[in-house]
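Student: Model the placement of chain B on the given structure of chain A, informed by the hints.
Protein chains in written order, with full-length UniProt numbering: chain A, 1 to 185; chain B, 1 to 185.
Hints are computed from structural coordinates only; laboratory data are not their basis.
Keep in mind the model is a prediction, meaning the values are calculated, not measured.
The C-beta atom is built at its ideal place from N, Cα and C for all residues, glycine as well.
There's no promise every hint is true.
Estimated spans, in silico, between C-beta atoms of each pair [unchecked claim]:
1. Thr105(A) with Thr48(B): 29 to 39 Å
2. Phe47(A) with Ser94(B): 17 to 27 Å
3. Lys2(B) with Pro181(A): 25 to 35 Å
4. Thr48(B) with Ser94(A): 24 to 34 Å
5. Gly32(B) with Arg33(A): 52 to 62 Å
6. Thr96(B) with Cys91(A): 45 to 55 Å
7. Ile174(A) with Thr96(B): 23 to 33 Å
8. Asp57(B) with Arg5(A): 29 to 39 Å
9. Ser94(A) with Pro181(B): 14 to 24 Å
10. Asp97(B) with Ser94(A): 47 to 57 Å
11. Cys91(A) with Asp175(B): 17 to 27 Å
12. Ala100(A) with Gln166(B): 34 to 44 Å
13. His3(A) with Glu111(B): 42 to 52 Å
What follows is the residue order along each chain.
Number of protein chains: 2
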Amino acid sequence: MKHYRKHDYDLAQIRRLLEPGPVVLVSSAHGGRTNIMTMGWHMMIGFTPALVGCYIDPANHSYDMVVASGECVINIPTADLLEQVIGIGNCSGSDTDKFARFGLTARPGVEVAAPLVAECYASFECRLADATPNPNAPLFVWQVVRAHVAAVPKLPETLHYRGDGQFMISGREIDTRSRYPGQTR
Amino acid sequence: MKHYRKHDYDLAQIRRLLEPGPVVLVSSAHGGRTNIMTMGWHMMIGFTPALVGCYIDPANHSYDMVVASGECVINIPTADLLEQVIGIGNCSGSDTDKFARFGLTARPGVEVAAPLVAECYASFECRLADATPNPNAPLFVWQVVRAHVAAVPKLPETLHYRGDGQFMISGREIDTRSRYPGQTR
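If we strip away everything but chain A, and leave its shape as in the complex, we get (with noise of 0.2 Å):
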């Protein structure tokens, strides 16, 4: 599988990626073990700090080890990866080593000790931020600490998830600044 070649992204442009709603691989690491998860509940929350919300069940392996490193990466797969992406969400990280079960590489990241997808188009490396909404409930604040994207495709195809195994692959682009001159961001 392709590995990205991914460079520094200004943290204040990641909603221009995460916004559409894709699915998401979101990698973590505890306890000497790594793990994946399969994620489409997450939502921007700020620009600066860059912060992105999401649902993680506890029933997931990955809720403990996030809970317990307070850290993630969260990854933007491509539509290439669609069988792992399915795969990933249907296996769990208490009884399977997803990298090595679905062929895919950790990289280390900077900031975080939660590995990086290196197949993945772009990585978020994620601590928990300083003010959870809600220790009681499932809600995850991230702030995002450092951004890596692949400069080439400049736009790839991610896929969003309807539910029961259905996928809308993301489609064409279309840019009304020029119409719009004067809206807001």
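Tutor: Coordinates of chain B only, in the frame set by chain A:
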């Protein structure tokens, strides 16, 4: 503009439309006035009850209206409403009747006083969930109490925002159910 004929829709299935990450129009009503805002920062939080999380900045006029009323309607516009989506996001309900200005039609809801947008493909009537994760931060958890979705087209083109006036339009669909019969939802 086209009015979608919408039908009652299974609340446990709304993720099919929201999880792919479309821009939504949030309509509200309070004190005899209505408002609409464009919103891209939302995520699914639960199936049953159907919970949706979102971030609404207090600078928005809609923030005061949904806090005061405890209700809103999350409407999903199709790609042909691009100009309305942009325009609604670039003016304030404090001095603008957005339904009138953008030629949109308010329809009464069943469960909430906030109006449905007739020109939108889907409308989800929402009440603030009993347990707000964090009353001190502008994160909202909505329980969808009634869903209205058009039967045709089955999966319309939706708008997915990248910021700075750039949108991704939803593309083709992939159904993997036959290939992965044992997968989870």
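Student: Take the hints in turn and mark each one as holding or not.
Tutor: Verification of the supplied hints:
1. Thr105(A) with Thr48(B): 29 to 39 Å: Holds, since Thr105(A) and Thr48(B) (Cβ atoms, about 38 Å apart) stay within the stated range.
2. Phe47(A) with Ser94(B): 17 to 27 Å: Holds: the Cβ-Cβ distance is about 23 Å, inside 17 to 27 Å.
3. Lys2(B) with Pro181(A): 25 to 35 Å: Hint holds: Cβ distance 28 Å, inside 25 to 35 Å.
4. Thr48(B) with Ser94(A): 24 to 34 Å: holds (25 Å)
5. Gly32(B) with Arg33(A): 52 to 62 Å: At roughly 58 Å between Cβ atoms, Arg33(A) and Gly32(B) fall inside 52 to 62 Å, so the hint holds.
6. Thr96(B) with Cys91(A): 45 to 55 Å: holds (51 Å)
7. Ile174(A) with Thr96(B): 23 to 33 Å: Roughly 24 Å apart at Cβ, these two residues keep to the hinted range, so it holds.
8. Asp57(B) with Arg5(A): 29 to 39 Å: Hint holds: Cβ distance 36 Å, inside 29 to 39 Å.
9. Ser94(A) with Pro181(B): 14 to 24 Å: holds (23 Å)
10. Asp97(B) with Ser94(A): 47 to 57 Å: This hint holds: roughly 55 Å between Cβ atoms.
11. Cys91(A) with Asp175(B): 17 to 27 Å: holds (21 Å)
12. Ala100(A) with Gln166(B): 34 to 44 Å: For Gln166(B) against Ala100(A), whose Cβ atoms are near 38 Å apart, the range 34 to 44 Å holds.
13. His3(A) with Glu111(B): 42 to 52 Å: Taking Cβ atoms as reference, His3(A) and Glu111(B) lie about 50 Å apart, which means the hint holds.
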